[in-house]
Amino acid sequence: MTSELDIFVGNTTLIDEDVYRLWLDGYSVSDAVALRVRSGILEQTGATAAVLQSDTMDHYRTFQMLERLLHAPPKLLHQLIFQIPPSRQALLIERYYTFDEAFVREVLGKKLSKGTKKDLDDISTKTGITLKSCRRQFDNFKRVFKVVEEMRGSLVDNIQQHFLLSDRLARDYAAIVFFANNRFETGKKKLQYLSFGDFAFCAELMIQNWTLGAVGEAPTDPDPQADDMDMDLDKEFLQDLKELKVLVADKDLLDLHKSLVCTALRGKLGVFSEMEANFKNLSRGLVNVAAKLTHNKDVRDLFVDLVEKFVEPCRSDHWPLNDVRLFLNQYSASVHSLDGFRHQALWDRYMGTLRGCLLRLCHD
Amino acid sequence: MPGKLKVKIVAGRHLPVMDRASDLTDAFVEVKFGNTTFKTDVYLKSLNPQWNSEWFKFEVDDEDLQDEPLQITVLDHDTYSANDAIGKVYIDIDPLLYSEAATVISGWFPIYDTIHGIRGEINVVVKVDLFNDLNRFRQSSCGVKFFCTTSIPKCYRAVIIHGFVEELVVNEDPEYQWIDRIRTPRASNEARQRLISLMSGELQRKIGLKVLEMRGNAVVGYLQCFDLEGESGLVVRAIGTACTLDKLSSPAAFLPACNSPSKEIKEIPFNEDPNPNTHSSGPSTPLKNQTYSFSPSKSYSRQSSSSDTDLSLTPKTAPYPQGARIYLCPSSPSLSCGSLHLKKSCLLLSESSLPPHPSSLVSPVLRKSVSFSEELFLAASGMGSGSAGKEGGPFKALLRQQTQSALEQREFPFFTLTAFPPGFLVHVGGVVSARSVKLLDRIHNPDEPETRDAWWAEIRQEIKSHAKALGCHAVVGYSESTSICEEVCILSASGTAAVLNPRFLQDGTVEGCLEQRLEENLPAGCGFCHIPYDELNMPFPAHLTYCYNCRKQKVPDVLFTTIDLPVDAAVIGKGCLIQARLCRLKKKAQAEANATAISNLLPFMEYEVHTQLMNKLKLKGMNALFGLRIQISVGENMLMGLASATGVYLAALPTPGGIQIAGKTPNDGSYEQHISHMQKKINDTIAKNKELYEINPPEISEEIIGSPIPEPRQRSRLLRSQSESSDEVTELDLSHGKKDAFVLEIDDTDAMEDVHSLLTDVPPPSGFYSCNTEIMPGINNWTSEIQMFTSVRVIRLSSLNLTNQALNKNFNDLCENLLKSLYFKLRSMIPCCLCHVNFTVSLPEDELIQVTVTAVAITFDKNQALQTTKTHAEKSLQRASTDNEELLQFPLELCSDSLPSHPFPPAKGWLTVTVEKASPVGEGNFRNRSSPPCANSTVGVVKMTPLSFIPGAKITKYLGIINMFFIRETTSLREEGGVSGFLHAFIAEVFAMVRAHVAALGGNAVVSYIMKQCVFMENPNKNQAQCLINVSGDAVVFVRESELEVVSTQQPAANCQPSCTGGEVTT
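Quick mapping for you: the protein sequence lines, in order, are chains A and B. The opening residue of the first sequence carries number 187 in this note's numbering; numbering runs sequentially from there. The opening residue of the second sequence carries number 19 in this note's numbering; numbering runs sequentially from there.
Bound-form chain A, shown alone (with noise of 0.2 Å):
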């Protein structure tokens, strides 16, 4: 006796969580229900092994004729074929777009093509993700990627409406799609510390602040004509930075900049001594940083920099957080005394966002 067909079908679709997660997690139906038997539910249920094999089989069905919908999840809203309440459909659609830490580290600011995907196995092997799982969460990547591309507008809004996902997890998309679409350097193992976290947060700050989108955006000026788009670096910006190479070409004025900062924090910072011993070059590196931003080589590399430059310095100094954010602080503040430098505006665009970034990334 074996079963030819072997289906349910309710009204209301079933949606078993536990069941979702293993197939979101790639497993195959025998790995689930082997998984499922050893979760103990068929000491809890009285339930066969027959039983659990048929149930993780109809629920695996459900969930790839879901799949279709899902790649699109407006339309898993406006479908008719099946009946799900909406707080099911929106852990459906959250759950099938939340990615794994150890996948997105791996793929964050590769450009999501063809070939990063056939990279997937080594993914897969590398981090203990199942290949289909990985493969999920790259075309989730791509597909957000390929939707928000051309679109004017809030980058976060755009992908909140098209994929109907929370705010936590549009942000983090906001961020995977600005690094995809910068090609940011994240791989190098001098930035292995840091999490998808410590990115996200800086790719939210170079939005609101380095994008194009983010010139028009003044408060009371919604205009949505604005050229509004977030994916893109402000060009005329990173052309305009190059203006800040004075603050390190001109002797005078980094000397009196240090000046300014020394003084300002004499008695105020434990390492003291050390800063004042590595204010050029600290300054140096923090401006080099933002005059070599006309390359799109040396935007990628931004982190590399970034952390080669300033948080290695730093970290060899033992600079406490603190430390390192009233010494951040006032070198932004005194370039505003700083009688012959005219560029105050873009100083602080520049440095605004970056302070955050950096002490984002001073940790260990």
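Derived from the structure by calculation, the hints contain no laboratory data.
Per the computed footprint, the stretches of chain A lying under chain B, defined by three or more beta-carbons under 8 Å from a beta-carbon of chain B, are: (1) 190-198; (2) 224-236; (3) 239-245; (4) 256-265.
With the C-beta cut set under 7 Å, the calculated list includes, among others, these residues of chain B facing chain A: (5) R814; (6) M962; (7) A1014.
Keeping only pairs whose Cα atoms sit at most 20 Å apart, straight-line, the calculated EDC-like set for lysine to aspartate or glutamate is: (8) A:K261 - B:D41; (9) A:K261 - B:E1007; (10) A:K466 - A:D441; (11) A:K478 - A:D436.
Glycine included, C-beta positions come from ideal geometry on N, C-alpha and C.
Could you slot chain B onto chain A? The hints should help.
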């Protein structure tokens, strides 16, 4: 009388990509009704076209309006080649043809293609203007309301229940026409879908005409079925119960208070004073008890001679004198006869052999009929014992006469209802059923369906005579079914013989005090159990005792019925689903030989099915079956029998005896040990079941203070002790001594198997209950969470040389595993009850068995459920009365509100409000529709349930019948996920289409939903599969009880609620 049908095509969405080059579609729509077709413009390059068409107007006869479906076809325009069809929508416009149902059909319909399934949705608005406003339907049958619900629909009152209506129409099956060889599968499927849609429209219209002839205005319990007879054609047949219904919203409905059901119900529970009549009959009670103690021996002696009675009773079932007759006596070898009652009164096989000229093709080559009438127990004639008191007897006689005359005028006094207005059902006799094996004639003339008519007439006649034999003049809970394999067809009919109250059956009866007084005499909750036949002239051997509830009239020891448990029945404990399952191998044969083989097997199967049912019932410690449905399916090389019913313990019936096992070789010690071991297991199981289902013998419950059945019981006890103190002892002895055990004799391995299989049925996990009736006795605190589902399983039998035992085991496992899976899947709903569990079995191919289950899981409140001290009867009565109160209050308030603005009679005023409110909202939605769908709106929820009610909600409006037929075919089975993936998707699509139609009618639920057919065929080698599904139900609007209060104070809100719900779908 013509009408104008108006259709507007608004928009489409989620259309499939038809042009690979542009990834877009150039869609347009053809709207067809009858022979007229309109087209919309082509909406270029969009997957979400906005046609916003003009109103397409069709001027048509109302006959066409009833028969024809509205056909909407969505196509992709192609400049150079033929336009490609995207899919179709069929809309049944019948609900628009009667005033109380829907006024507009408007909403998103899934676009369905028989090859690709659902491909996007289309927004359509349909209206009908019928001319001749006053009395507008009188001349035709539109306007007759149809209900699938097998009880009087919730917001109506039955003025008269007229009786049985039936009709069938026949046509050639397009799939078997010559043209099918040259057309595409899609064209063939569509031809079939369209034809069936047309045929059901025609059938409904014809039935409607019959109802009008009977002066009714509605059909309740409408059951329509398709017989796919293959080459010999396609039969669409329907049965139903014609009624005159009155909408409860009209105050006239309850002005004559004495007629209103609610009044009567209220009187029963609140009448605390013992009825004076009961007191006066006191002295006779002790006498009765004495008779009682001696009666067993009498009935035993009668039993032995009863087979003669059977013979004399059944001649009618053998209308062909030349046919051979075989009688199967209860004392067949596998059962020992002594103390056992065989519920099976008789098995009769009448066989008419070949007509003189076998070459004649006109008449059926061979005809066999097997009929079987089961124990029937009932009351009316009980007055023979003088127990009914002074008035009861004569009144009953009078009642009987009245009913008789009312019913005898009818050809078939049948009722497809399974639940009845209070007081309608007087006594129940038992199950009557008939089956007949027919050879489908190859030459078929669609214009003369007489052969099919004659077949059914024959079977119905048989049913009628069985009912007569039981002293009943009516059959309730009546249904018909067929099973077809190649050219052999088994026709089956079954129902419950009953005695009815004539009040509902006639026009303007002298209602007066007659029935009123009579009903006072009838003890609540047990009257229907009393035997209707004459005790001295019993139609079959049965063991009678005095009713355990009222102690006045005789009751049988076991009662089988096809109806739902009456609301006022006194039940102890909870009920449970009981199934008998059986397979029998049969040699492959052709035509007559095949039919003969089947006919020969049938009686044995019936017999065994009943034995199994009886054993399982006893094992559960219960004494009555409700909702019994026995299905016999025929396949190429086997027959399958599946009986489902809900077992309960009726307080009026005696405690069932146990099951005793007897060995054949008493000398063998180890064997004896084995036997006693088995016996112990059985006894343990019975004890366990009694605990599980909370079956406490009445003796115990009596002692609980404020307990259930209280009044009558305590009284009789009191009286007994007055007269003679030893009485009670006698009675106890009697009831124990009489537990005359059903003896199972284990004389061979077969019998052993049977016993084993008895014990293998696993009870549902704790927190789960199941039944196949509408309500579960003992549970009535339902919460509003419901989940309707369909589950299908097909197994392939592996070995080629199967034995009956192996088959039985496979089949048993299949059903048990299926149930286990259901329990597992629905575990999050615990505590919950599976209601209306409907199993159907079919044998699609040689080694395939297909089982389809549809049921609804309803959660209930555990805390309340624990208070089992309150009897079900009491509670349900209360519930019923509050039901009615609310029902009546609701419209009343509406009326008073609407009166000032509408100087019509209130009922009309209410309706007018509905219409006015509904249409603006509809229009509003329709205007909004052009704006792009906003991301946050969701599709309105449509509930589906096989029950006639929705727990925790009031049905405020019936919108019309849903009757849909779909075919789905694939030539890429593997790609669609194999057979499971294919059928899973199809059933989900069917649900979606039902929901969409209900929502478009403005409804938010389907009640009495049933999947009547699910025919699945596969050919994995060719990567093909095909499935046909037929579903039906009643579209309704319901309002949550919690919302009801708010709603009734703000009535306009209440009225637009449905349209809002419908509207949500459209935004």
